[in-house]
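Trainee: One letter stands for each residue in the lines below.
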Amino acid sequence: MLQTQSYHRWGVSFIIGLLTLVKVVEANDVDLELESLMNADVQVTSAMKRSQPISNTASSIYVLSNKDLLNAGVQSIPQALSLVPGMQVRQIDNNQWAITTRFAGGRYSSSLLVLIDGQSVYNPSFAGVYWENIDVPIQDVERIEVIRGQTGTLWGVNASNGVVNVITKNSIDTRTGYANIAAGSEQEYNMNFRYGDSIGNQGSYRVYSHHLEGEKASQGFFPTNDTVQLNSIGMRADYAFDDDITLFAKWNVLNSRMGQTTRRVNTATRINNSYNESVERNKIDFLVRFEERLSKNSNHMVQLSANKETGDQEFLGEEFNAVDFEYQINTLVGEHQIDMGAYYRYNDIKLDSVDYIMDFGESNKLEHYGGFFQAQLNIVPDTFHIVLGNMSAHNDFTGWENQPSFRAIYKFSPKQTLWFNASKAARVPSYLEHNIKLQVSGSKVKDFVNTGNPLIDNYVLATYLRGNPNIEAEKTVSYEVGYRLAQEDYSFDLSIYNTSSDNTLTYSPAVDPNALNSVMAALLAGNAPLALSVLQSTPVNFDLASLATLNVTGVDAVLSWDISPKLNTELSYTITKLDYDLPSGHIVAISRNSTLIQAMAKFNIMLPHNQSLNINVKSESGDTYKTGDIFTTDIGWRWKIKPNVMLSVNAWNLLSSDSYEYLNSNELHTSPTKVEKSVTASLYVEF
Amino acid sequence: MSNFNNQVLASMLYKYFSSTPKIFNIKALILVLIISSAPVFGAELDRELILKSGFIYNFSRFGKWESGLINQDGFTICSPDKAFTEVAKITFYEKQVKRLPVVIEKIDVNNDLNKCNVVFVTKKYYLDWKNRVNQLGRRQVMLIGENKGFILLGGHINFFILSGKIRFEVSVSNLKKSGLKLSSKVLRLGKIHGENSHE
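Protein chains in written order, with numbering that gives the first Met the number 0: chain Z, 0 to 686; chain Y, 0 to 198.
Derived from the structure by calculation, the hints contain no laboratory data.
Be careful, since some hints might not be right.
Derived pair list, reagent style DMTMM-like, types lysine to aspartate or glutamate, alpha-carbon separation capped at 20 Å [stated by the list, open to error]:
#1 Z:295 x Y:45
#2 Y:147 x Z:243
#3 Y:123 x Z:242
#4 Y:164 x Z:291
#5 Y:147 x Z:241
#6 Y:147 x Z:291
#7 Y:122 x Z:243
#8 Y:164 x Z:196
#9 Y:164 x Z:241
#10 Y:164 x Z:116
#11 Y:94 x Z:34
#12 Y:164 x Z:40
#13 Y:81 x Y:107
#14 Z:307 x Z:366
The calculated label-pair distances, taken between Cβ atoms and stated as ranges, are [as the list claims (entries may be wrong)]:
#15 Y:46 x Z:244: 16 to 26 Å
#16 Y:66 x Z:326: 49 to 59 Å
#17 Z:480 x Y:172: 53 to 63 Å
#18 Z:307 x Y:127: 52 to 62 Å
#19 Z:326 x Y:132: 40 to 50 Å
#20 Z:294 x Y:85: 15 to 25 Å
#21 Z:184 x Y:66: 52 to 62 Å
#22 Z:563 x Y:113: 36 to 46 Å
Some chain Z residues near chain Y, calculated using beta-carbon distances under 8 Å [stated by the list, open to error]:
#23 36
#24 171
#25 197
Given the structure is predicted, the values throughout are model-derived calculations rather than measurements.
Don't be surprised by glycine CBs; every beta carbon is placed ideally from N, CA and C.
Given these sequences and hints, build the entire structure.
Mentor: Laid out in structure tokens, this is it:
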């Protein structure tokens with residue numbers, strides 16, 4: 000803790016020093032309005048649920064613009080999310096990430112929904128995201144919207160911690176050639192190419208590719224092997240039949256080969272061994288959407304998307320297929336806004352059973368369907384409105400789940416908003432939690448009983464982590480209150496929340512007591528060989544159960560301040576406190592009782608001669624991830640050499656020693672490595 | 000149900016919420032929703048026109064008039080459509096273009112356009128415009144429309160909507176013929192008419 004205080008003091012001193020050093024130059028006229036207008040939706044409603052000004056939203060929402068991403072030198076979606084106050088973004092190794100908000104992230108976290116252009120990208124086996132395989136060309140991202148807190152009414156089950164919505168640019172805005180080539184101490188190369196053009200007078204398209212090769216870390220919890228190799232190509236096309244009907248289609252094909260230190264149980268010794276392997280993944284995504292403006296006040300859309308993913312590594316093969324269908328209509332009825340929609344999702348999951356992973360599911364075909372209704376009632380126009388809604392969603396494991404919400408927004412002046420939000424959400428058990436039996440590193444007899452016989456006491460029992468078809472959906476009730484102030488040159492956003500969950504996952508170790516009695520009886524009879532033979536057929540089962548309660552309390556506060564047209568800054572402070580209540584003998588399956596405090600300061604400085612500098616400083620204290628406190632400083636410099644040529648240099652994790660950001664190493668196929676200082680130089684050319 | 004009744008209901012509901020802690024009376028809220036849900040279109044400003052007036056502000060800022068706008072007391076933006084001029088009066092309130100105060104004029108299409116620096120022809124008045132266009136000549140007036148074919152009739156900038164967003168096409172040659180220019184800041188965001196065009 001002393002170290003953290005020292006970091007905080009150092010950080011504050013650094014920031015103050017920086018502020019005094021920067022020469023604040025008077026601004027010329029900066030054309031921001033036109034860019035904003037290009038991004039604005041014509042209707043208050045849009046196909047991406049509902050688009051609204053942030054000031055009218057009763058949620059803790061944060062938006063990263065394309066400019067924010069380019070200013071920070073971001074090269075991936077996880078890196079982008081690390082810029083969002085309140086997001087916990089922990090790098091497990093050079094290709095794996097643990098990311099969440101208002102909870103504790105894990106390699107297999109499943110309550111943060113991730114959408115790319117409205118298409119869910121979760122892996123149906125664990126209902127979470129392989130972040131290393133989310134490949135969106137950053138230069139073509141229009142914005143990333145992050146909603147912290149539960150949003151199940153609009154977004155369905157498994158959005159109980161939040162939603163990350165990545166929205167890419169319409170291809171009409173990318174009708175140029177583009178190349179970006181980067182290299183650095185951790186990356187051998189990272190190349191992005193794009194070419195876009197018009198299709199007649201009414202359409203446009205772009206094709207793009209991404210090629211990345213990265214090196215392994217030098218220090219890890221186990222011998223490191225976290226190399227990165229990724230290649231992808233994709234296309235987006237937009238076509239307007241007229242002003243009211245538009246078609247949007249895209250596809251993306253990805254191949255990745257990630258190095259991985261696999262710890263896998265040796266079924267003969269029943270103990271984990273480490274193996275350096277690689278995982279090859281192939282992924283195809285496809286999406287098509289029709290939108291129609293029915294009148295000045297309403298529109299509707301229909302969207303079909305599909306994806307196929309395979310994962311191959313030694314001893315484990317995975318294949319997932321998903322098809323999603325979604326319909327939505329948004330309308331204004333008088334002063335009131337009505338949103339309705341329905342969806343259907345089909346998943347097909349194939350896991351090649353191996354000697355340490357067994358699939359006992361009755362069916363590997365899952366169906367989800369449901370519908371939502373939401374009404375925003377403008378009680379006092381422009382001053383007070385409430386939003387009522389419910390999502391009813393059906394899944395094959397727990398049946399129907401209802402996720403109602405009530406929101407109220409009071410704008411007590413044009414620049415100040417007070418909002419309240421009460422909602423229920425559900426996290427449905429994943430396929431793995433329901434159907435999979437996994438042999439893990441064995442427990443010794445002496446963990447359960449002490450016989451006094453060293454041979455018996457040190458005997459390693461076969462140990463299994465077993466899914467449970469009877470676990471229930473985690474039910475969460477959340478209350479949140481927020482305040483927003485938007486002034487000409489600064490804004491402040493505060494939210495305070497409490498979320499309590501029932502049916503949270505636990506597991507408890509259990510050994511057949513009769514078997515242990517038989518062992519004791521055999522030993523008393525002096526028959527050690529018989530005792531050993533009993534132990535050979537006596538497993539330890541860690542059975543998943545939904546028996547804990549979890550209370551999460553927290554605060555998110557963000558202050559954005561345009562100190563001058565040449566210098567803007569953002570300061571944020573968030574607290575996330577996790578408090579579990581467990582039955583005796585049970586262990587929390589994900590995370591632990593802990594409090595995480597995050598403080599972040601971001602600076603963007605315009606320098607003479609088309610240069611700019613960004614500095615991001617972040618401190619996280621608390622032991623949620625078993626790492627102790629972390630402190631990171633990222634600095635980026637950009638120089639726009641010509642209107643279409645830019646050079647940038649980014650230094651990551653610059654002022655602290657190499658350290659772990661994640662140490663929950665008991666997860667499957669997870670071997671943390673130390674996050675190191677790195678430097679990347681990039682050249683961007685548009686033609 | 001009229002606007003007035005909506006307001007009365009809204010006021011009653013507001014009092015109800017203010018006076019009771021029991022704020023989750025869904026039945027009451029649904030009832031009010033049903034009673035007050037008859038269409039009251041046009042109760043608020045047209046968002047599309049608000050955005051288009053914002054674009055026109057930028058076209059005006061980043062446009063160049065060869066005559067240099069000399070001897071003018073104001074920068075005049077005209078439209079035959081009152082719905083637009085009402086919106087524009089709010090958008091351009093206390094705004095300046097070329098260091099001149101902006102004046103919004105509702106005009107008759109058949110009247111002289113010489114007093115205008117920019118004219119915006121909405122869909123509603125497109126046919127009137129089409130019938131009048133041959134009598135216009137080549138004055139230094141930036142002509143902005145929102146109809147297919149507007150550029151072919153000599154227009155300079157034409158709005159269209161793509162995926163719920165406003166986009167625009169620009170005819171550089173028509174601008175040039177009229178003694179006008181647009182900054183590359185605007186041109187790079189628009190679609191240049193004639194590129195990939197079969198018209």
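Trainee: Does each hint hold? Answer for all of them.
Mentor: Results for each hint:
With a C-alpha separation of about 8 Å, the suggested pairing of residue 295 (chain Z) with residue 45 (chain Y) holds against the 20 Å cut-off. In summary, the hint linking residue 147 (chain Y) to residue 243 (chain Z) is supported, as the alpha carbons are separated by about 13 Å, within the 20 Å threshold. Between residue 123 (chain Y) and residue 242 (chain Z) the CA atoms are separated by roughly 15 Å; this keeps the pair inside 20 Å, and the hint holds. Pair hint residue 164 (chain Y) plus residue 291 (chain Z) holds up; C-alpha atoms about 13 Å apart against a cutoff of 20 Å.
Proposed proximity of residue 147 (chain Y) and residue 241 (chain Z) is supported: the alpha carbons are some 9 Å apart, at most 20 Å. About 19 Å separates the Cα atoms of residue 147 (chain Y) and residue 291 (chain Z), which keeps this hinted pair within 20 Å; it holds. As the CA atoms of residue 122 (chain Y) and residue 243 (chain Z) are separated by approximately 14 Å, the hinted pair is consistent with the 20 Å bound. Restraint check for residue 164 (chain Y) and residue 196 (chain Z): the C-alpha separation of about 18 Å stays at or below 20 Å, so the hint holds.
Between residue 164 (chain Y) and residue 241 (chain Z) the CA atoms are separated by roughly 13 Å; this keeps the pair inside 20 Å, and the hint holds. Using a Cα cut-off of 20 Å, the hinted pair residue 164 (chain Y) and residue 116 (chain Z) holds, with the two alpha carbons roughly 15 Å apart. With a C-alpha separation of about 18 Å, the suggested pairing of residue 94 (chain Y) with residue 34 (chain Z) holds against the 20 Å cut-off. Between residue 164 (chain Y) and residue 40 (chain Z) the CA atoms are separated by roughly 5 Å; this keeps the pair inside 20 Å, and the hint holds.
The suggested pairing of residue 81 (chain Y) with residue 107 (chain Y) holds, with an alpha-carbon distance near 10 Å, which does not exceed 20 Å. Taking the CA atoms of residue 307 (chain Z) and residue 366 (chain Z), the gap is near 16 Å; set against the 20 Å cutoff, the hint holds. At roughly 19 Å, the beta-carbon separation of residue 46 (chain Y) and residue 244 (chain Z) lies within the given 16 to 26 Å, and the hint holds. The hint said 49 to 59 Å for the Cβ distance between residue 66 (chain Y) and residue 326 (chain Z), and at roughly 54 Å that hint holds.
For residue 480 (chain Z) paired with residue 172 (chain Y), a C-beta distance near 58 Å keeps the hint of 53 to 63 Å intact. At roughly 55 Å, the beta carbons of residue 307 (chain Z) and residue 127 (chain Y) sit within the given window of 52 to 62 Å. Range check, residue 326 (chain Z) to residue 132 (chain Y): Cβ separation about 43 Å, and the 40 to 50 Å hint holds. Our hint of 15 to 25 Å for residue 294 (chain Z) and residue 85 (chain Y) holds, since their Cβ atoms are close to 21 Å apart.
Against the hinted window of 52 to 62 Å, the Cβ-Cβ separation of residue 184 (chain Z) and residue 66 (chain Y) comes to about 58 Å, which satisfies the hint. For the pair residue 563 (chain Z) and residue 113 (chain Y), the supplied restraint of 36 to 46 Å holds, since their beta-carbon distance comes to about 43 Å. Interface restraint check: residue 36 (chain Z) against chain Y, minimum CB-CB distance 5 Å, threshold 8 Å, status holds. The beta carbon of residue 171 (chain Z) comes within 6 Å of a beta carbon in chain Y, closer than 8 Å, and the hint placing it at the interface holds.
For residue 197 (chain Z), the interface hint holds, the least distance from its beta-carbon to any beta-carbon of chain Y being 4 Å, beneath 8 Å.
Hint compliance for this structure: no hint is broken.
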